[in-house]
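S.K.: Next come the chains, spelled out residue by residue.
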Amino acid sequence: MAVLTIRDALNQALREEIIRDENVFIMGEEVAEYDGAYKVTRGLWKEFGDKRVVDTPITELGFAAIGVGAAMAGLRPVVEFMTWNFSILAADQIINNAAKMLYMSGGQFKVPVVFRGPNGSAYQVSSQHSQALEAFYANFPGLKVVMPSTAADAKGLLKSSIRDDNPVIFLEQERMYGLKGEVPEGEDFTIPLGVADVKREGTDCTIVARSMTVPLALQAADQIQKEFDVSVEVIDPRTIKPLDIDTIVNSIKKTNRLVIAEESHAFASVGAEIAYQVMDKAFDYLDAPIKRISTAEAPMPYAKNLEQLALPDVPKIVAAVKEVCYL
Amino acid sequence: MGDKDFEEIEKQAVEAVDKALKFADESPLPNEKELLTDVYA
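Protein sequences, first through last, are from chains A and B.
Heads up: the first sequence begins at 8 in this note's numbering, then just goes up one per residue.
Heads up: the second sequence begins at 38 in this note's numbering, then just goes up one per residue.
Think of the hints as simulated: they come from the structure by calculation, not from any bench.
Treat each hint with caution, since some may be false.
[To be verified] Computed cross-link-like contacts, DSS-like style, restricted to lysine-lysine with a CA-CA straight-line distance of at most 30 Å:
1. B:K59 x A:K107
2. B:K59 x A:K117
3. B:K59 x B:K48
Make a model of the complete structure from these sequences and hints.
M.R.: Laid out in structure tokens, this is it:
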């Protein structure tokens, strides 16, 4: 298998889907001639031209609307937001049109559009450019929400998202574009939406992590194994909506303890939803209260030390696991 | 386009809305199981 960065795995997925389906096209700010702000679309405009890779003006609401309309007319647009922070400007199209058109038309209009781009924090890009918006979008029926954490997942999930007949919110992470991993080749490689992945098997405690917190959780699990001989299982839902709660519950039935690590703020987060569903389906299996590691309840600071303090990290996850394991 | 063209478009729009309204008024309320239908394709 080839070893690719997440950036190149996404690029490979886009390239394969453009070749596979003539209805697929990419649009967004600087996605064509500049190869994308984060180079995810590198080389695609040169290879496929203006009709398949389209530069847009700086008008998120406008090009999101074109994406929704194109999807209703039978195309499969992939709309890139330079960051998901800018999607807030396009939220009316995503939430009021993309998410609801199938329902409001009595099933007449599918909207097979993918909105994608980097979500969450980067490195000192401060309050307005560091937001993790998965809980916001996951709250609206009609949208699917996807968050890959490895190169293989990024490729397989993006291909499935493009082929899906629903609007998909595809949340990448800017800090992770350079992470490398083995990636299966070939256009047949896809990963179904709604299926979690056990990233590390364990018996004593479950960590549910997503996106940026997956590699942190894996580091924490290794450290805990070494220092305390405690075996930690790490589960990555990969798709936030639909959520594969069964894989999480089955893990808790084995480990009886749960830590949730997430980059978003804690209040009304995806972690809060997972904690509720675990309480609903596996309350009697829990031997300790669920612990959650999230970003501090404040806009992201610019100062490097405060940014580090605000975000989840390995020591915070280790401390949470120790707490639920009574170490 | 002239005034007559605009008048014709308006006439057609009013007719379409009137027809849709009549259809809605004469239709039964939806079955309760339709609450969760067509949320996802």
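S.K.: Hints first: check each against the structure and report whether it holds.
M.R.: Evaluation of the provided hints:
{"no.": "1", "hint": "B:K59 x A:K107", "result": "holds (24 Å)"}
{"no.": "2", "hint": "B:K59 x A:K117", "result": "holds (26 Å)"}
{"no.": "3", "hint": "B:K59 x B:K48", "result": "holds (16 Å)"}
The structure shown violates none of the earlier numbered hints.
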